[in-house]
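Asks: Listed here are the chains, written in short residue letters.
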Amino acid sequence: MSDGQQKKTFVVTRFDPDRDEAPRKQSYEIPVQPDWKVLDALNFIKDEVDGTLSYRWSCRMAVCGSCGMMVNGEPRLTCKEALSQYGDTVDVGPLANFPVVRDLVIEADGFMEKLTSVKPWIIRAKERAVEEGPMRQSPAEHEEFKQFSLCINCMLCYSACPVVANEPEFLGPAAIAVGHRYSIDSRDEGAAERNEVFRGEGGVFSCSFANECSEVCPKNVDPAAAVNQAKFNAVIDWATGLVLPRGGDE
Amino acid sequence: MKHLLLKLEPLIWLLFGQGILLGTVLLTGWVLVVGLAIPLGIVPADALSYERAQMLGSHIIGRVILLGLIVLPLWKGAHHMRHIFLDFGGAKRDVLVAPLLYLLAASGSVLAVVAIVRI
Amino acid sequence: MIEVSRHDIVIVGGGAAGLRAAVAATEIDPDVSIALVSKVYPMRSHTVSAEGGAAAVVREDDNFEMHAYDTVKGSDFLADQDVIRTFVEQAPGELTLLEHWGCPWSRNEDGTVATRAFGGMSTKRTWYAADKVGFHMLHTLFQHSLRFDNIVRYDEHFATRLLVDEGTVRGVAALDIRTGVVRVVLGRSLILATGGAGKIFPFTTNGSIKTGDGMSLAYRAGVALKDMEFVQYHPTGLPGTGILITEATRGEGGYLINAEGERFLTTRDYGVGSKAELGPRDMISRAIIQELEAGRGFSGPYGDYLHLDLRHLGEAKIVARLPMVREISKIYIGVDPVHEPIPIRPVVHYMMGGIDTDITAATSLPGLYAAGECASVSLNGANRLGSNSLTECLVFGAAAGRNALSFAKGSSEGSEDALRRQGEEEAARVAALRGKQKGGEKLSRIRGDLHKTMESGCGVYRVQETMDETARTVAQLKGRYADVALEDSSAVFNTELVAALEMGNMLDIAEVVANSAAARNESRGAHTRRDTPNRDDQNFLYHTLCYFDPAGPRLEKKGVTLGHWEPEERKY
Amino acid sequence: MSRNAHPDAMAPSKPGRTRTAPPQLPDQFPFGGRYLAYTLFDLTGILYLLLGFLVLCAVWSLGSGEAAWNGVLERNRSMLYVGFHAIALVGVIFVGIRFFGFFPKAQPPRIGPVKPPPKPVILAMLYALWIGVTAFLSIVLAGGIF
Ligand SMILES: Cc1cc2nc3c(=O)[nH]c(=O)nc-3n(C[C@H](O)[C@H](O)[C@H](O)COP(=O)(O)OP(=O)(O)OC[C@H]3O[C@@H](n4cnc5c(N)ncnc54)[C@H](O)[C@@H]3O)c2cc1C
Ligand code: SF4
Ligand code: F3S
Ligand code: FES
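Protein chains in written order, with this note's numbering: chain A, 1 to 250; chain B, 1001 to 1119; chain C, 2001 to 2572; chain D, 3001 to 3146.
Chain A on its own, in the form it takes in the complex (with noise of 0.2 Å):
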């Protein structure tokens, strides 16, 4: 595996707000290993070559949920993306669909105000005491929301989606993956409220389930199944509402 004498291009969206009118790629041909993900490529570059090179990473084993970047078109974790399986050329871009903040740096705290108006908390009518100890829960009540307890917040998805890039109020699919992912956690009694929510402006019915979210997904949330799942919901949820209008604080 000492074999430092294939080399590699990297073709690098380069954006710096003070200097750069827009982004522009930038290249850099490094000596690669052959077991290397493309973040380590990314790091050569920093650490060798440009120092300037600016990207979000900390883990460097897909759960922080830092390094997402378009690697070749696609939206990638890059330390979980052998860099074996591209040609000479690999094209790195910051995440499609976000305002990019420098180079392959973009902005989250859109992000961040999505996910936080979903409710992702468990809601009760009454909290319950630490002395009552913990709730019960069976393994199968576990295993309905488990698939979308996995979401590390990548925002991949959110790269992907044809409905992000062209509305901007729409939650997007993690946000809803992670609401869905309580509202049927048998211990959340909240539903109701987050159905107003994903009922509301850019909710889950501005997805038109195009499915990219899944198909990018780099923990197998299938957020899409959430997002339409969660349609689903709130359609029930809005007919029992017709049928039985529901009292004030009930």
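Among the hints, a few may not be true.
Unchecked claim - Here are the simulated lysine-lysine pairs, DSSO-like style, with alpha carbons at most 27 Å apart:
no., chain 1, residue 1, chain 2, residue 2
1, A, 25, C, 2330
2, A, 146, C, 2330
3, C, 2317, D, 3014
4, A, 146, C, 2317
Said to hold, decoys possible - Which chain A residues stay away from chain B? Per the calculated CB distances, all over 10 Å, these:
no., residue
5, 25
6, 36
7, 50
8, 85
9, 143
10, 166
11, 188
12, 189
13, 208
14, 215
Said to hold, decoys possible - Just a few of them, taken from the derived set where beta-carbon distance is under 10 Å, the chain B residues facing chain D:
no., residue
15, 1019
16, 1043
17, 1044
18, 1051
19, 1052
20, 1060
21, 1064
22, 1070
23, 1089
24, 1095
25, 1099
26, 1100
27, 1108
28, 1114
Hints were generated in silico from the structure; no laboratory data involved.
If you're wondering where the values come from, they're calculated on a predicted model, not measured in any experiment.
Even for Gly, the Cβ is constructed at its ideal location relative to N, Cα and C.
Chain A is fixed; fit chains B, C and D with the ligands onto it per the hints.
Replies: Only chains B, C and D with the ligands this time, still in chain A's reference frame:
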């Protein structure tokens, strides 16, 4: 308008969803026979002679199926057209386009009822 | 003019400890204004990577006494026993709270929370959520924290200096990475929860953000760092990347196998007795190193390694309990543990030492609290038991939150002018560093040399000579660091600037680790010396305190609180 | 190559704290790679709209008397209509295959107290429904029964 659209969204989505699901299920046979097989002479044209068509169309089940064959595809179509419009950068004009498309589907649906009653 | 914002409590760090502190303070006073300063978005904190589990007594056949004793023994008797008592008693409540907030703990068939075995624990007491425990805990905590409007986040703000006035900490200067501006965030009390410092070593399970910043902040403000010589090596990391393969693999029944196909922990005497793979980490790591030294390892491009064999667990169990281990192995080493053993070797994992705090999470500096991995409340002593630290983040994070709140209620704001001035000084320092073009040194070179010397001097096995050597080298590196040149002078998202600030912190921590280690002339827990292989309670049953001094680190001693169990030989 | 997405896509409610470059669409959108199938799927909306109105016309004519109805049958024989229906058939089948593939996962784990059947079963049921109804309708329309 935006508000009204939001309020109606669940209903529209229901119709749209059924448009894809039941609409597709119903349309396949219709297109196959009425759109292709009969015109191409694979099935003799008298299969849908006026009398037989009247007979089928005036039966209650026939009417329901015909209603589904009109209303559901219209809503599927209108909603998808709206999405196409949005996908090609039309978010700003959605407040105009969406009501127009849905109005189209809605008037088609009303006409469908009239048409079916008329049979 | 520097921007100043004011809150009641400032928390630096958005990992498990910082978030728990924020929520704990809010629980008592919903109106308290909390600043949550974090250099990454909180859900990116390295707590996210913890895999195995969090310990707390829940089973019928378990009790506080047992958990406490396991922890004392695991610590090689260097932990404070009053702290341990508080810890074990509050642990179940804390994990229960997380359950109430939605943490998807794995369950038994009857719906109760499931527990698994962990190294050094005498019974199954480690709660888990498959093998993504830290991830689930962190996201649960973070999402729960989102419901409170009074927690004001300063995301991607890098704290560079504590602001102290009249002997009390009053806030922090933080670089807004997004804008390049240093701002002053003031509070009446402050909590450090900045996590560990594994990045001073080359081969570690830690992510790139674990650079010991908070430890350095406290150290520079005159607070002692305690027991920093104790660096935990985790027995099972992937060669090359250092990515962790959780101890839960062994908790679920995995075997460690040498190149001769032998389950050496059962066939040779490494002091772990019948616990075998479930012995404490320091012992297992030493056993692995000895196996490798005896030539019973495999060799590969990233050095020698052994095998962790899970095949006998079967696919169903691996998929249900260890999905992340499987995913990681496949992606990062190309091995499917269902069919092949996983190559592993010991890897730097955790800092037992940290900012010296008492049982209330308070430091010696009034108003300053610390919790989580950056703190040393003396729960872990010379060796932490796996799955105690996530719980520690909760128990002492909560304590820090509560106590910082009551301190804030009783304290004054300090002189804004003085604090603003300090902030401006700090802003000037950071501005001078940004794009500092003069200098012959490169960050990556300094980092490389730091890594080399830390590995040689402060590895699993240590000797006086190399520890001294490392202490000297780190001191030299500090000199070279002063001569570093940076290429990036941009204001916006200047990650090179951040790396340079982190490097300064890492050098502080490395210096403390090397000096503390060189002074402890015995072997205890994770601090193992070839030249003095035995524990020496006569002379060394104390905590090492290390203070900042411009002339070089100054060491002091602090007694260990015993009380219940007297030190005895540590045999399993 | 890439084009701008909506300028406010994923922007925070307060303007960002520094100047940002506008969000870009994914390179392949809308006609490249997997997006092609998605875009075509949405485009079948036109087919469905037209089909809906064609059926409406037919039913209306049926109510208007024999001549009108025969006119419909006559018109359907033109190449234009046959061509359209051929495309429509492909479109309808495409919609079915794509959507039925997605449909099972869009079922929540529980609808009230009711648990939907396992995903493969839902899929099988959908196809059974589709094929069954198509066969039934075709036979009826083709004069096979009734
Ligand atoms: C791979 C791995 C697996 C582990 N598995 C387990 C396990 O199974 N069980 C267990 O009990 N323990 C485990 N641990 C240990 C445990 O995860 C950590 O000790 C614990 O998560 C530390 O949490 P923390 O809140 O102290 O710090 P972290 O989660 O590291 O958070 C630190 C926070 O401080 C912020 N910060 C740092 N510096 C600055 C600065 N200068 N300015 C502003 N903010 C700053 C960061 O942004 C971050 O938000 C594991 C550790 C690792 C590395
Ligand atoms: S749903 Fe998947 S792609 Fe989207 S943020 Fe979560 S983990 Fe990332
Ligand atoms: S890609 Fe977008 S449109 Fe829906 S299914 Fe996923 S959110
Ligand atoms: S670096 Fe954490 S997900 Fe890639």
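Asks: Are the hints correct? Go through all of them and say.
Replies: Status of the hints after comparison with the structure:
1. 25/A - 2330/C: Answer violated: residue 25/A to residue 2330/C is near 33 Å, above 27 Å.
2. 146/A - 2330/C: holds (22 Å)
3. 2317/C - 3014/D: Distance of about 48 Å is beyond 27 Å: violated.
4. 146/A - 2317/C: Since the Cα atoms of residue 146/A and residue 2317/C sit roughly 17 Å apart, the hinted pair holds (cutoff 27 Å).
5. 25: Per Cβ check, residue 25/A is outside 10 Å of chain B; nearest 24 Å; holds.
6. 36: holds (37 Å)
7. 50: holds (35 Å)
8. 85: Per Cβ check, residue 85/A is outside 10 Å of chain B; nearest 30 Å; holds.
9. 143: holds (26 Å)
10. 166: violated (5 Å)
11. 188: holds (21 Å)
12. 189: Non-interface label stands for residue 189/A: nearest chain B Cβ at 22 Å, farther than 10 Å.
13. 208: About 4 Å separates residue 208/A from the closest Cβ of chain B, which leaves it inside 10 Å; violated.
14. 215: holds (17 Å)
15. 1019: holds (7 Å)
16. 1043: holds (4 Å)
17. 1044: holds (7 Å)
18. 1051: Nearest chain D Cβ about 9 Å off; hint holds.
19. 1052: holds (7 Å)
20. 1060: violated (13 Å)
21. 1064: With Cβ-Cβ at 12 Å, over 10 Å, it is violated.
22. 1070: It holds, given that the least Cβ distance between residue 1070/B and chain D is near 5 Å, below 10 Å.
23. 1089: Holds - the Cβ of residue 1089/B comes within 10 Å of chain D, reaching about 7 Å at its closest.
24. 1095: violated (15 Å)
25. 1099: Constraint on residue 1099/B not satisfied, violated at 16 Å.
26. 1100: Violated, about 12 Å.
27. 1108: holds (6 Å)
28. 1114: holds (8 Å)
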